[in-house]
Amino acid sequence: MDALTRRSFICGGAALAAMATMPAVAATGVKTLKNGKTTVDLVANKVLAQVGGVLELTIKKYGKVAVVRTSKGVKGFSVINLACPHAFVTVKRSGNGWVCSPPGHGSEFLLNGKLKVPPATTDLKAIKFTANSKLLTID
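For the sequence shown, numbering that gives the first Met the number 0 begins at 0 and goes up steadily by one.
Calculated directly from the structure, the hints in this document are not laboratory data.
Only a predicted model underlies this, so the values are computations on that prediction, with no experimental measurement involved.
Heads up, the beta-carbon is just placed ideally off N, CA and C, and yes, glycines get one too.
Treat the hints with care, since some could be wrong.
Cβ-Cβ distance ranges computed for the label pairs, FRET-style [to be verified]:
# : residue 1 : residue 2 : range
1 : P117      : T89       : 15 to 21 Å
2 : T120      : K30       : 34 to 40 Å
3 : T31       : N131      : 15 to 21 Å
4 : T27       : L109      : 22 to 28 Å
5 : G28       : T89       : 33 to 39 Å
In silico DSSO-like links for lysine-lysine, alpha-carbon gap of 30 Å or less [unchecked claim]:
#  : residue 1 : residue 2
6  : K127      : K33
7  : K33       : K124
8  : K33       : K59
9  : K36       : K133
10 : K33       : K115
Please work from the sequences and hints to get the whole structure.
Following this line, the structure appears as C-alpha cells:
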C-alpha cells in the first residue's frame, strides 16, 4: 500500500471543501420498473432542465450513477457510472467534473465522464438510456 502523499492529502481536502459548497439534490420521480430499467421524470427533476445539471442516484444494477445534462434537446444527456475505472472507488463531484479522491488515486473526469487527468486510462463507464421530453429511461 502506498503512503498518502502531501499532494493527495491537499487534493482530497480541496475536493471535500468544494463539495461542501454544492447543494445536495434529492432525486424525485425515479422509478424502478419490473423489467429492471429505471425511469427518471425530467419534469420533476428541475436540475436537469439546465445544461450542466447533475442528478446522482443509486441503481441496484449499477450502483452510484449520475444523469448529466450535457446539451439542450432530448438527446442532451449522459448517464455515467460513478465508479472510478482505475481505483474502483466512487468518484465525487468537484467543480465542473468528478475526482477519484483518496483512497482513490486522484484521477479527474469531466462532468460527462470523459477522462481529464490520469492515472485512470479510460472514461467513466457510460450507461445506455433513452429519453423524450418528459422521461429518461436507463437500461
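task = Given the hint that K33 pairs with K115, test it: the Cα-Cα distance must not exceed 30 Å.
result = Roughly 37 Å between the alpha carbons, so the hint for K33 and K115 is violated.
query = Do T120 and K30 keep their Cβ atoms within the hinted range of 34 to 40 Å?
reply = Given a distance of about 35 Å, which is inside 34 to 40 Å, the answer is holds.
message = Quick check on a hinted range of 33 to 39 Å for G28 and T89, using CB atoms only.
response = The hint (33 to 39 Å, Cβ to Cβ) is violated, given that G28 and T89 are roughly 23 Å apart.
Holds or violated: K33 to K124, with C-alpha atoms at most 30 Å apart = holds (24 Å)
request  = Given the hint of 22 to 28 Å, check if T27 and L109 actually sit that far apart at their C-beta atoms.
outcome  = Since the Cβ atoms of T27 and L109 sit about 26 Å apart, the hinted range of 22 to 28 Å holds.
task = Would you mind confirming whether the straight-line C-alpha gap from K36 to K133 stays at or under 30 Å?
result = holds (16 Å)
request  = With a cut-off of 30 Å on the C-alpha distance, tell me whether K127 and K33 pass.
outcome  = At roughly 18 Å apart (the allowed maximum being 30 Å), K33 and K127 satisfy the hint.
query = In this structure, is the beta-carbon distance linking P117 and T89 contained in 15 to 21 Å?
reply = Between P117 and T89, where Cβ atoms are some 19 Å apart, the hint holds.
ask   = Can the suggested window of 15 to 21 Å be confirmed for the beta-carbon pair T31 and N131?
value = Cβ of T31 to Cβ of N131: about 19 Å, so the range 15 to 21 Å holds.
key: Given hint K59 paired with K33 - CA-CA distance at most 30 Å   = holds (13 Å)
Hint compliance for this structure: hints 5 and 10 are broken, all remaining hints hold.
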